[in-house]
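Our numbering numbers the first residue of the sequence shown as -10 and each following residue consecutively.
Some hints could be false.
Said to hold, decoys possible - Below, in silico cross-link-like pairs of lysine-lysine (BS3-like), each with a Cα-Cα straight-line distance of 25 Å or less: (1) K412 with K476; (2) K310 with K366; (3) K170 with K140; (4) K28 with K16; (5) K380 with K399; (6) K319 with K366.
Said to hold, decoys possible - For each label pair, taking beta carbons as the anchor points, the in silico distance ranges come out as: (7) H41 with D18: 48 to 56 Å; (8) M123 with E609: 37 to 45 Å; (9) T629 with S32: 28 to 36 Å; (10) N506 with P586: 29 to 37 Å; (11) Q213 with L493: 43 to 51 Å; (12) L645 with K502: 37 to 45 Å; (13) Q309 with N239: 29 to 37 Å; (14) A160 with F258: 34 to 42 Å.
For the record, the hints were derived by calculation from the structure and aren't laboratory data. Each residue gets a CB set at the ideal place from its N, CA and C atoms; glycine is no exception.
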Amino acid sequence: MDMSDAVIVNSSRLKSIVWNDFDRVKKGDTFVAICRHCKKKLSGSSTSGTSHLRNHLIRCQRRSNHGVAQYFSAKDKKKEGSLALVTIDQEQKNDEVLSIVNLRYEQEQIKSEHVGIGSNSLDQRRSQFDLARMIILHNYPLAMVEHVGFKIFVRNLQPLFELATRNKVEADCMEIYAKEKQKVYEIFDKLPGKISVSADVWTASEDDAAYLSLAAHYIDENWQLKKKNLNFVTIDPSYTEDMHSEVIMNCLMDWDIDRKLFSMIFDSFTSDNIVERIRDRLSQNRFLYCNGQLFDVRCAVDLLNRMAHDALEALCEITQKIRESIRYVKSSEATQATFNELADEVQVETKKCLCIDNPLKWNSTYFMLEAALEYRKVFSCLRDRDPVNMKFLLSDPEWDRLITVTSFLKLFVEVTNVFTRSKYPTANIFFPEICDIHLQLIEWCKNPDEYISSLALKMRKKFEEYWYKCSSGLAVAAMLDPRFKMKLLEYYYPQLYGDSATELIDDVFECIKSLYNEHSIVSPLASSIDQGLDWQASGISGSGKDSRDRLMGFDKYLHETCQAEGSSSDLDKYLEEPLFPRNVDFNVLNWWKVHTPRYPILSMMARNILGIPISKVAAESRFDTGGRVLDHNWSSLPPTTIQALMCSQDWIRSELES
């Protein structure tokens, strides 16, 4: 617009302070506002208001750095404050793209950190905590708040937000951790049942540091299965077994849950000595049920991973030949076309694609081998056409062994998916799957091929170590499933043990009765009866009881006769009633929630047993060939900060999911 004949309008009648930074000129019948700093032209009409002029001043990069006054009306449009903006200094170093936006809201009667912009408000403290929570939730580096791109984004999104330093964000994360930890303390304090704790070892991605992660598993008052991370502490490779057990005990006592502990879940390779030391410490104070018989639980998915590793190790040479064959097929379009033609000739019906596996995920190796088996005839035909390049093709005995071992892997993949994908991953679902693996191992050991039978024996040895420690807990959990009760043991044990089955079933039932009796002692129902008998026997009137109550003797008589007649216990009633119909979407916790009034003591026992995490492996890492690795964004932080971030992340995610 040609402004040569424009006339500057007298600004004395203009009320808004924004006109200190604009000249209002008139060109014909049009009013224009010209920025005194960058000379940008905007509408100066009285009908346009001044909001667009304020917004321009916020972003004007040629404005003087001498503290230009900028005013915003608050919600009531009666108070005005001043905002000083320090923006880009063109004389800064070349690598400094953006300076920190320094915001000061100079309003006398501010009682909180709220700043008004028109009809909007900004809560500085809440926004800073939201930023810290975002960093925790998504594994972002703390230093992201000092990244140039992030500063530009925040400045353009909300110029009034006071960007925090890395140290300030770290302090906010620690404050969030302290508040969330107090919430977890309160949850544990009100828990109606016991807690099972899982122990896992992590490593750092950039060094040899190792971390011990402890997590609590329990069933809450609403019969929901819950998990809370407790600790994420650094452990030194030089630690002795005594030191490892001491670290775990200190963590349990710090949370004040050593008295509430029911069981602990470890990796298969965790030393028995560490477990024994912890169990002995807890047993001295009589904190454990059944003298700690159910205390030591090993991770079922970890067992499957170790057996799968044995199978893949046995197939090492065969697997490498398969990889080379697939690489050759994929090496050129011509070879791939020839392979496809041969597949059509031999009428291969599979739609599976040949692809190289990911060595970090053992199930991907299984899928590669399974697909290769579908194309066995095609590979043979390709070798006939190109014997030089297909010299690494498998022999017939190797193909036969691959078929057998792949069937092992298929079972392990299927069972792992059942354990980790279950909608209700309670302890009762594991027993039938583990028993099926037990039966298969027995059959595999009978294979006439020594190559296969020796592999099966190696896997069976690992399995029996697991079964020795965990079979009782698995059986008790299965009994507490109203679809199975004792019938599942009566079905599987004869297949596993033959003539010895009856004796072993009796041993399991003795464990069940012992566990039930211990729960009946601590049951609120039992304690109320004992309290009633105490005042009756002592002749002292209880609360609200008249000492001349002539039916006190009747109460005592009733209690004695009921005991003499052997009235049915919760356990007896439960086992005598018919099985609940089996269906796919059955929720055992919901069943026990509904039937708690009918089985008050047995429901306590169900809450503690079904809350044991028979597997502690996260679904996303169930097929990993290595352990859990700490993200590099956090691995260089101080140990206390790492623990705060890891635990807070788990607690915040649990809160969002619920």
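Structure-based check of each hint:
1. K412 with K476: At roughly 24 Å apart (the allowed maximum being 25 Å), K476 and K412 satisfy the hint.
2. K310 with K366: Distance of about 16 Å is within 25 Å: holds.
3. K170 with K140: violated (31 Å)
4. K28 with K16: It holds: about 16 Å lies between the C-alpha atoms, which stays within 25 Å.
5. K380 with K399: violated (28 Å)
6. K319 with K366: holds (17 Å)
7. H41 with D18: 48 to 56 Å: Cβ of H41 to Cβ of D18: about 20 Å, so the range 48 to 56 Å is violated.
8. M123 with E609: 37 to 45 Å: violated (21 Å)
9. T629 with S32: 28 to 36 Å: Check failed, 56 Å falls outside 28 to 36 Å.
10. N506 with P586: 29 to 37 Å: The hint (29 to 37 Å, Cβ to Cβ) is violated, given that N506 and P586 are roughly 21 Å apart.
11. Q213 with L493: 43 to 51 Å: Given about 34 Å between the Cβ atoms, the range is violated.
12. L645 with K502: 37 to 45 Å: For L645 and K502 the Cβ distance comes to about 42 Å; the hint holds.
13. Q309 with N239: 29 to 37 Å: violated (47 Å)
14. A160 with F258: 34 to 42 Å: holds (39 Å)
When held up to the earlier numbered hints, the structure conflicts with 3, 5, 7, 8, 9, 10, 11, 13 and fits the remainder.
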